[in-house]
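> Protein chains in written order, with our numbering: chain A, 1 to 313; chain B, 1 to 497; chain C, 1 to 682; chain D, 1 to 221.
A hint or two may mislead.
Covered stretches of chain C (chain A as the covering partner; in silico rule of three or more C-beta atoms under 8 Å from a C-beta of chain A) [stated by the list, open to error]:
1. 144–152
2. 442–449
3. 588–601
Since the hints were made in silico from the structure, they are not lab data. Note that beta-carbon positions come from the ideal geometry of N, C-alpha and C, so glycine has one too.
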Amino acid sequence: MYNIATLVVGLIQVLVMLALAPLLTGIIRKTKARTQKRIGASILQPYYDLLKLVQKDEVVSDQTSWIFRACPWVNFAAMATAAFFIPVFLVYTPFGLVGDLLLVIGLFALGRFFTMLAGLDVASSFGGLGSSREMMISALLEPALFLSIFVVAITYGGTNLSTTIEASSISSFLPHPQIIFAAIGLFIIILGETGRLPFDNPATHLELTMVHETMILEYSGKSLALMEWSQSIKQIILFTLMVNIFVPWGISSSILLPSLAVGFFMFAGKISLFGIFVAFLESSVAKWRLFRIPDLIAIAIATSMIGIVLCYL
Amino acid sequence: MDNLLSDLTILFLLLPPIAGAGLVTVLKKKRTIGIITICAASLILIQVLFVVSKIVSEKTITAFGNAFYVDSLSAVILLSVSVVGFVAALYSKNYMGRQYDNGTVDDKHIVRYYQGFNVFLLTMLVVPIANNLGIMWVTVEATTLVSVLLIMLYFKENAIEAAWKYLIIATVGLSFALIGTVFFYYANINANNSEDAMNWTGMVHNAKHFDPNLVKIAFVFILVGFGTKAGLAPMHTWLPDAHSEAPTPVSAVLSGVLLNCAFYGIIRFHIISSVSIGPEFSNQLLVILAVVSIGIAAASIYFQKDMKRMLAYSSVEHMGLISLGIGFGGLFGIYGAILQIVNHAVAKPLMFFASGSVSQKYEAKAMSKIKGIIRVMPVTGILFLIGGLALVGMPPFNVFLSEFMILSSGFKSGQFIATLLVILFLVVTFAVFLRHLIKMIFGNPLSEMKKGEMGKLAIIPMVILCSIVVIFGIFIPAQLQTLIQNASTIISGGGFA
Amino acid sequence: MTDSFTLFQAAILLYVAGAILGLLSRNTSLTRTITFLPPTVASVLLVIFSSSIIISGKSFQFVAPGTLSFFNFEILVDGISAFFILIIGIVSFAVSLYSIGYSKEYEIKKRTSALVFLFNIFILSMVLVVASNNAFFFLVFWELMSLTSFFLVIYDHDKEENLKSGMTYLVMTHLGTTFIFASFLLGYIQTGSFSFDSFRHGSAGFPLLVKNLVFVFAFIGFGTKAGMVPLHVWLPKAHPSAPSNVSALMSAVMIKIGIYGMIRTIFDFSGFGASPDFAWWGMLLIVFGSASAIVGVLYAVVERDIKRALAFSSIENIGIILVGLGLSIVFTSFQLTAFAVLALVASMYHAINHAFFKGLLFMGAGSVVSVTHTKNIEHLGGLVKQMPWTSLLFLIGAISISGLPPFNGFISEWFTMQSLLSSYHIPSTILQISIAFASLPFALTIGIAAATFVKLFAMTFLSKARSKHAINIKEVSRSMILGMSILAAACVLFGVVPYLGTSLISTAFHLSSQPSSPFDSISIQNNSGKSFANLSMPVVVIIISSVSVAIFGFIRVLGGDTKKTTYGTWDCGFGGLNERMEYTPTSLSQPMRAVFKVFFKPHNQTEKESFGENPYLLKSIKIETVIKNIFEETFYAPIISSFVFFFDKVRRLQTGKINAYLLYIMITLVLLLLFVRLSNNV
Amino acid sequence: METMQFDILTISGAILLIATFGIVATRGFMDWLNAYRYQSIVLSGVTAIIGYVTGIWEIYIAAGLTLVIKSIIIPKVLTYVTRKLEIEFKLETNPYVSIRASVIISALLVALSYFLIQQIPFKSDQIVNVYLPVSMAQFFIGLFVLVNRRTVLSQVVGLLIIENGLFLFAMALTHGVSLLIEVGIFVDILVGILISSILLFRISRTFDSLDVGKLENLRDD
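Taking the hints into account, I'd like the entire structure generated from these sequences.
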């Protein structure tokens, strides 16, 4: 497996993730706009935004420290590194020997850690508000996420994503009913992790409702671009995990070009469909009250626990 | 020739306190009589060290026919009496001087004090070496009478009350002890031994032929009798009163060694009874009283307001521990108990001296009025702290070793319930005792106080005791180890090493 | 042998010398440096000593007979002891350096001599506890360790509160000691000796009941020292009260000695073996470990006192260590050796990690407290600009303890999670499911821990100063920064090169080692021989750094050179944004309090002061949100009050009436006589 | 001869018990002293009987000593002390248990002592046989007096009863242990009485009362 070809394919997978991340955001936004009977911006709009932002001058608060300035870079580095360990259209990645799903979660947490610090660094009550809420949500999401990973890992034999996705692509999930529960759990968690409704409204700027946006409120220019981009990378990583673990259809199991091409298009299709599905869902629910969010997470935990019990029975 | 030497040995042991008392009566000068007493006490100490070294090599000394009989067990008691007597004499000089200066006592009192002190020492020296158990009883009774006089030296209400209670309760208790003694004697004659029937040696030799029922009843009387004097609960009630109201050096002697002397009586009869009917019976009784004592002491310390009273309860606890060790038996238990006798004799006077200095400095005995000792008198404070930690069995101080051995033997002998109860009580004691102690030692004094110790003569005795406390925690001299070893063999092996 | 002996002796003598030097010292800054020199050097010697023992694999034994009749002074430093001595050595090295600068604060108030003396003896006693090979001396040094640390806890004895904390600590630890004592006694009864050697050889032959009892007693006893819930109450009181360098030692090292004792007893003295009979031991550890983890972190996240929050976090981390240890026991009892090794590595890795980052964090907190003179983070903020080094080092500690890559906390938590996942190998459904459920509190703990340290770091170092305590302060002295840097470096090193830790642990504990070179991936196999999980931190770090460089270049190329303007934080156009509008620690953790209100029972305490009689004319009103301490109120308080009730009954015996006293004697006599009479049945 | 000897012993024992009861049943201090004196005289008689039965001449000395010390010196000392006292104390007004009940309890205590020592082997030694329970009963009665009475003086009397029991006990069991110890015990008692007299003075002077109820400062509750 250790040859240049796999390494190249592995790197291409990473680049695909980084490159397609804003596109996924664009697709979701477009879909949401259409469901709301708006035409909406182009699905390429996130790219224009990024391009525009990196060229702009920055305004930095005089209260902030180096933490605030380091945060976007740390965030992006963490998310981009996480992308290395995800098989996208090939069932394995050469980087599977470097890190596993738990590392991916760790990297996400690192990014979030710095985001929360940056939110508090600006000394405004907005940042504090966001960090405070994020503290609660992330702390609760962690066990839910771990439990659903637990189900996946013991069903498919590993937290090494190459192993997991290979195993899931071979067997269907019919002999593993627990996987359905894990999928439900993971889906709820992904909504939370990516800051989607009903956890958080990514489109709002109303202090009553926003969580993630408040923490990056002070960012501008390049920093904001990095923050936005890394957020969308996180999103595509999670979506990819979702589709590749639970619906691994069409994923390429060899590095032959035709099967890779099929794999890529299947991946693009699945992830777009998933994005559209999420967008539809977002359009049909309202944001939940902050203190009802734990209930939602509890549902995720409960389904994962049922999954665990099913694993062993 | 040999006999003469032994006679002289014993004579020189008893002469200094007699001479001391005599000289004090004759001279009556405040300065000199203190020094005379110190000299007498140090002569006793030297002579005892000589006796002890002889005992270590020869195991027994018999003198004046059969009247005096010293073995390793007696030597342990003698040693503790002489050491504590010596440091108490040293401490008295300073303490009584200060009491005189602040007008608590006058010249007459001081003379009476030193007379009493010498006689007190004399009586306690005779207790462990008397072969005749009747004489032993008489001297124990005599210690009561002398110490009553010493306690009521002050004519304060509380002192008189304490003296009265002590007198009545101890006398009643000791009359039981006499009954027990006479019962044993009767058992001895009944077993057809009229030769030296009242002597310990005679009894032990013949003990196998004693009537078991008689021995049981007799031992109950002995236990209640000497137990009263030794402060075993529930006969301990006089103890906190008497020990807290006596002049501090006397408290130290009362608590440190007089209790040991009384317990020595129990041990002697325990040996006889063990030889006669096996150790189970007396062990059982000893363990019961021990557990009650330790429990009551633990519970009583919590509400104490008076420093010296608290220390007195701690003595009850320690006597309980000694009794427990003897009761559990086995090499560890008995060795631990004897070590506990020694350790108690060192640690308790240290605490009493320190508390005496502290209450002179603060002019109070109530613990609520004493704060920040370590700020006001750092040396005394540290000594007080070390003594307190030793008392509650904190390593690396000496009492830990003996408690460790006693509790080990408890498990070894299978008495789990008793041992676990005692461990619980010890933890409680630890908590409540240290709670009081730490509140006194640390923090800030309630009012501005001048920093300063109570003088060298007050510190030196404490330093002596404290160094023993620390050293014995991890190292015991080989001679003493042999002595204690022999003494435990006497207890477990039927009276002879 | 002789070399190690010389090293060991030299280290001990240096500590003693340091103690004595401390006693003799006077208050100049030169002597301050000199007095902390011996422990610094001694710690280095310890590090060399222990690593030579670990590397050579030969244990060091030494017996000095005869100071006491029945107990020999025995020393045995095998791999396990050496591992813990290594922890002591590294941390105390850093802390000793730190103390040079830190103890300056105590010079102003009083002489430092007692501090230096106790500090040295404290470290020495910890070393000797770990090295002891005889139950008696183990207990002696154990209590010496408790005692010296107790004195250090009440070092500031002006405050009544510190005395109380110290008492709680002393009593709890003494209670723990009695359990340890009981555990050893059981070994003594069985083997007739107090030497650990005889325990070691004889323990396999103990009856099962005795084995279980030995374990349970040791578990309670050592658990108390380790700060395990519900025996943890002393820890959050004692650790914050002590001077910060001592807090660092206590939290980083001393509670690990409890873990050491547990490991020693379980694997050496309790006759533990690969039999399902012992699986419940592991489950017990897992249950209490999880409880400690979650309880510790829940209290930590709402805490406002920086040192106390760290102390609670120690409870949490001890919980994580215990979970790993418990898993290892469960795996061993089902003969799943590979996973037992994994779990033990996880647990020990976390032990050493916790020593590093908790030492670092306590020192950081100490630096903050020493310049601001407050432990309450409500009054802090904005220190990052005035104390750049301290804040950087504290941040490293915070990231490490939150278990975030690429620092060391992540590695041990990764191992622990993998051990939890490996539970599917256990051939018992009920255990599988319970361990899986145990991972819920575990994961929750990690999540909340990150929140805790976001709060601690941000509220201390970021945003604006919230009181005058945090204004006009200076960075701490160089020796303090050096001390912290050592541990920070260790945190980074053990995170980036986990090979260091794993090989250290597997050599010390004689385990089958996994990776053979630093760049090898740590790998765990699943049933079908495929890789279950892999981790290769050096490569991860390479990826992270290359990604960072690449993205920096990419953005630069894409966006060109742009300007940065500094301007005030956005204030919605109202202006006058000040520190009173910031989020405070209490408000930051408000959602957590609300979510876990069942546990915290938060309520407001209101103090009103009014003008005269009229309750409506208020002069001042103070509202404070407080949480209930359920352990103290529902567990300890009833026990204590029942004891006091009993004491109260007993003291009524001492009525002062001589008649009553005589009656007691009479009753005793008659009862005993009746006992004799009736037991004879003539 | 045997039976007659036994009768004499029994009768003397009974007389002694009755004399002891006399102390229990009286209330004034002077009455106690008189009762005590009678008891002591009976005791010395009993001692003489023991001497007669055993034929050991030293016991006659002991009997004489008893007569002198217990029925003359000690009452004299106590009378002297009480005259010196400046306060009113004459009657024991409120014992914990009333006089009537006290007598009944004393009777019970006599029964108890017979019960308790049944197991002791007597070896047909009639002296022991008869006097052992009697002395035990004295013992318990003395203790009961101590427990029951509330004045300092009556406690001294209780102590004296115990001492008398002790004396009888020692005589009966050992037929005179040895003169040396006997004398030692006598001296002890004498000194004890002296010291308690001193204490009596002190108490009456310090507390203006002889009520032990005043002596309750030192306590824990």
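> Hint by hint, work out which the structure violates, then give me just those numbers in ascending order.
The structure breaks only hint 1.
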